[in-house]
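S.K.: Chains as they are written, first to last, in the numbering used here: chain X, 51 to 304; chain L, 3 to 86.
Hints are not guaranteed to be accurate.
Straight line, CA to CA, 30 Å or less: simulated DSSO-like cross-link-like pairs of lysine-lysine [said to hold, decoys possible]:
no. : chain 1 : residue 1 : chain 2 : residue 2
1   : X       : K259      : L       : K13
2   : X       : K69       : L       : K30
3   : L       : K13       : X       : K182
One side of the interface only, derived from the structure: several residues of chain X facing chain L at Cβ under 8 Å [claimed, not checked]:
no. : residue
4   : S63
5   : H78
6   : D241
7   : R242
8   : S243
9   : L285
The set of hints was computed from the structure by calculation and includes no laboratory data. Every residue, glycine too, gets a C-beta built ideally from N, C-alpha and C.
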Amino acid sequence: MIRVAAVGDVHFSESPDLKLGDYWAQLHEQADLFLLAGDLTTHGGADQARALASQLSRVRVPVFAVLGNHDYHEDRNELICKILEDAGVTMLEGRSATIVVNDETIGVAGTQGFGGGFAGACGSAFGEPEMKAFIHHTEHLAATLEKSLSDLQSDFRVALLHYSPVKDTIAGERLEIYPFLGSYLLAEAIDRSGADLVIHGHAHHGQEKGVTARGIPVRNVAFPMLRRPYAVYDLERVHTARAEHRSDSRLVPA
Amino acid sequence: MNADYQYLVAKIQCALAEDPRVNMQDIKIMVIQNRVHLMGEVMSEDRRTAAGDVVSAVAPGIEVRNELRILDVSLPAEPEVIID
């Protein structure tokens, strides 16, 4: 079993959130790795990233992260990534990383993702250049995620995003903003490559639990929705012929 | 909601999203007569206060009812088991 802790949308300001840091300092008692699903800062300020880094330095398990839309606002996303990487965080935009936990391996493939909407009410690469660029951006990120996931040879595979791949986990948000909360293209990529769990944030007023069209569990870990310093998901394997059953992931209540 | 109120709500919403002291896109805004009500949850008292200040700056003279609450953090729940 591998225990995954995850949270998104912590929106750090220049003042470190010591209360969250206190919880994170004990996280190793419940989890083997910690995933951060974007919107790590209020508006992408370097001092905000440093405030977050100061609290992440208290975490005793490997930390993986993607950025969110807030982290891009000051156009200093590369600096934000560097500050966090210097603090030991593995940034996963367009790539993956694998770690060993006891005798099992877990790979995490990440992308921020982007918007566009969901099947039946989605944008398409049609019309003005700006509209085409919008959808092409999502298509590109979905393609990189699919490749990163497909390349993983680990026992467990997790997709880490900021934007949502499904509608289930954004239910509760206003319908008018669905196209800005995620895209079915991300779910399609995940379903093609396979995964055991999908983590995302961004939807503060959404739901925690959802599923892709092919049954892969999706979890929204936006902090304002979770109301917890992190969620914990225990990944267990019941089949020895793991690879043959990857697409048959199912959820069993604790 | 008349036209002026609609534009005022939109103006406040954009200001709350763009002001670096707040940067929040999900604060609920209601305009009732000459009052603006702010509702929802924010991360800190500083941000709650700043949200009220932003509205006062955008709409001088209007009464601001700052009903924002500070996000309450509880302990992590029991782990959820996901079986492959």
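S.K.: All hints are to be evaluated individually against the structure, with a verdict given for each.
M.R.: Going down the list of hints, with the structure as the test:
1. Restraint check for K259/X and K13/L: not satisfied, since their Cα atoms lie roughly 34 Å apart, outside the 30 Å limit.
2. Taken as a hint, the K69/X and K30/L pair is honoured in the structure, with Cα atoms around 26 Å apart against an allowance of 30 Å.
3. Only pairs whose Cα atoms come within 30 Å are accepted, and K13/L paired with K182/X is accepted, the gap being roughly 28 Å.
4. For the restraint placing S63/X at the interface with chain L, the shortest Cβ-Cβ distance is roughly 7 Å, inside the 8 Å limit, so the hint holds.
5. The restraint placing H78/X at the interface with chain L is violated, with a minimum CB-CB distance near 13 Å, outside the 8 Å limit.
6. The interface hint given for D241/X is violated, since its Cβ lies 15 Å from the closest Cβ of chain L, which is over the 8 Å cut-off.
7. Nearest Cβ of chain L to the Cβ of R242/X: about 18 Å, over the 8 Å cut. The hint is violated.
8. A distance limit of 8 Å between C-beta atoms decides the matter here; for S243/X the minimum to chain L is near 15 Å, and the interface restraint is violated.
9. Evaluation of the L285/X hint against chain L yields a held restraint, the C-beta minimum of about 5 Å falling below 8 Å.
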